[in-house]
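What follows is each chain in one-letter form.
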Amino acid sequence: MEIIYIAILFFSFLAGEAKSLRFSILSLIPHSLLIVVVVFIIGYVNHIPALYFIAVLDLVVRAILMPVLLLKGLKNRLEAEIKPSISHPLSIALSIVVLSIGYHFVEIFKSSYIPHVISSFSCGLTLFVYGFYLFISKRDMLKMIISFFIIENGIHFLIISMIPKMPKFIEVSLTLNFIVAILFLVYLTIRLNEVFVREEIKKLKESNSQRSQL
Amino acid sequence: MSFDWLPYLFSFLAPLFSSLVVFLFGKKKFIKESISIIAIILAIFSTSLCWSSLTVSDKNSLSIGQIFYIDGLSLIMQLMVEFVALMVILYSFPYISKTYRHRTEHFHIYYSIIMLSTGFMNLAFILNNIFLLYIALELSSIIAVYLIVFNLNKESLKAGFKYIILINVGILFSLLGIVLLFYIAGEFVMISNIGEVIKSLPRNIALLSAFLFIVGFFTKAGLIPFHLWLPDSYSESPSSVTVFLAGAVTKLGFYGLARTVTGFSFNYDEIKVVVITLSSISMLFGAILAYSQRDIKKIIAYVSISEMGFIASALVLKTYEGIFGGIFHLINHTIMKGVLFFAVGAIIYACGSRKIDEIKTLISKMPPVAVSFFIGSLAVGGMPLFASFLSSIAIFFALNKEGFLLSSIILVFSEFLNVIILLKTAMSIFWQKNEKLENSKFSLPFLMVFCTGCFVICLIIFGIYPEIVYPFIDNATKGIIKIFN
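First to last, the sequence lines map onto chains E and Z. Residue numbers for the first sequence follow this note's numbering, beginning at 1 and rising by one. Residue numbers for the second sequence follow this note's numbering, beginning at 1 and rising by one.
Hints were generated in silico from the structure; no laboratory data involved. Careful, some of the hints might be misleading.
[Stated by the list, open to error] The calculated SDA-like cross-link candidates involving lysine to any residue, where the alpha carbons are at most 20 Å apart (straight line), are:
id, chain 1, residue 1, chain 2, residue 2
1, Z, Lys441, E, Lys75
2, E, Lys72, Z, Ser57
3, Z, Lys154, E, Lys19
4, Z, Lys154, E, Lys110
5, Z, Lys154, E, Arg77
6, E, Lys19, E, Lys75
7, E, Lys110, Z, Lys158
[As the list claims (entries may be wrong)] Sample of chain E residues with no beta-carbon within 12 Å of chain Z, all distances over it, derived:
id, residue
8, Phe23
9, Leu59
10, His88
11, Phe121
12, Ile136
Given the structure is predicted, the values throughout are model-derived calculations rather than measurements. Beta carbons: idealized from backbone N, C-alpha and C, even for Gly.
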């Protein structure tokens, strides 16, 4: 399991730090697929059949629907990320620190204070913290949505590890909220991209007409 | 099985159902407005029915199974949201049809979203399970973004994006707090048992959960330093929507605070100190930031942040007077923002601009708007004869009584700053030497004047005869104290 958690954190690192937005979004697919695998294994090991349903739901929503929606947000824009508020090399270094040291500390905290939670707790909390770091350091709208996605996945993991027998109804409602939020975010991103493109075309036309007048 | 409780649920069922009907059939003339108004009246009727049952019961609360928990706070919040929704719908009728003519095809969705959001808010106010409360609260906030971006221009889209991403990330902190409470309690945490759960928590866990709730609900309410979404969202949305945001949507944050953080402050003084410190920062910096704005809606938005600091600081006080003052100011804040933003809506309707410098040159004579704006400004300053005077003074004394002298001084000082900036704005717009202002008169649609007038009347009546609202506030205060004591 430990390997899978580290792989999840690695893919979230790729999603957070890749300069190409398409690559970032595609990195979310293995990230989410591994989450599905973990949820399924937790359900199997702890004999909680309800988690099988949650794993299927995660597969549909987190691994398939969300990346497809996010890819739609790339329409009418460059695929390179807008320059973040922290320079790229420094951000990579900070990400590695947050993910590796953060995970290590959370593991120690978990084993000394809350040893009864399921092992995915440390991964969940690290994802939450890392997602939040990305959220405050990135300025690109799609990167902000990706960081929200990572925070949400972290919370999802935390819920599963702390309250594995959570009623399905609540898990489904939380996922529904998540879908609605992402839908609105992607819709707004697409509309904003359209507006930016229109503005660029207008500027280009104006400069062309000025040139022809000269 | 008895279904006596079914009428109580109309407070959220009617708006939710009407939202669907308006979405499907609202394109036909007057359907959207009439269905929405009928649904809101039904909701008000249902809340009133619930209120009469609550006053008969000697327990200060009603429980319907394990799902619903209704007390004075739930009902006061429901009534407030219903009143605001009704006014917003009536105001929108003439306002958006002129100002947002380019979106005529989508007016029915606009009404549908207002009803949907109202329905989810009313549902959130009566849910017992904190997880479900969170879900209803988040849904009502998310869908409100459609209203913010209704204009679909670059600025409104940016404001909408900021709103939805910041609210969503912020509110996830409170979800984490709920998960932590659930884990420690080992069972579902309900509004009805949250007091006992908080008392049984280990100190460190309690402080951590309280911190998470503070981040989540402060973001929802738009208090400094979690306010980044608020000024842009208020200024870029249609004025009717701004009233809905200020009078209903942000109030969900205070509802969350009153249901969770108040309980922690009853048991841990550190929480009280943290919240009052953050609230004092909001009071002071809200007022200071308002000074540098040239957009009239942004000025009121920052003044609103400042005032919301009063409410947050009062809600964490242990005394009856403090919580009473907080809830009273919560109501007054809704009414004052209703007056000011509706008046600004009328100015935008007449001039087509929010920038003070442009308004100065474009404005015509509009006596009802000028009077309303001056009344709203004076009320923000907590002047005698207005309801806000009573609530501010109650909070001032309660803060003093619990030893927060500096915060009470900041409260008075920021109120003073707020009234100065609003009066200065009002005078620069309405008392200037402008030929157009002196000679031409602009007649506003009746419904716009009526809705602004309704809020003004409430402001004055609650100030002169506060006995009208006292029983409601008393019941709500007792409801909060009952849960946590």
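Consistency of the hints with the structure:
no. : hint                   : result
1   : Lys441(Z) to Lys75(E)  : violated, 49 Å
2   : Lys72(E) to Ser57(Z)   : violated, 55 Å
3   : Lys154(Z) to Lys19(E)  : violated, 25 Å
4   : Lys154(Z) to Lys110(E) : violated, 46 Å
5   : Lys154(Z) to Arg77(E)  : holds, 15 Å
6   : Lys19(E) to Lys75(E)   : holds, 17 Å
7   : Lys110(E) to Lys158(Z) : violated, 40 Å
8   : Phe23                  : holds, 22 Å
9   : Leu59                  : holds, 22 Å
10  : His88                  : holds, 22 Å
11  : Phe121                 : violated, 10 Å
12  : Ile136                 : violated, 9 Å
Comparing the model with each numbered hint stated earlier shows that hints 1, 2, 3, 4, 7, 11 and 12 do not hold.
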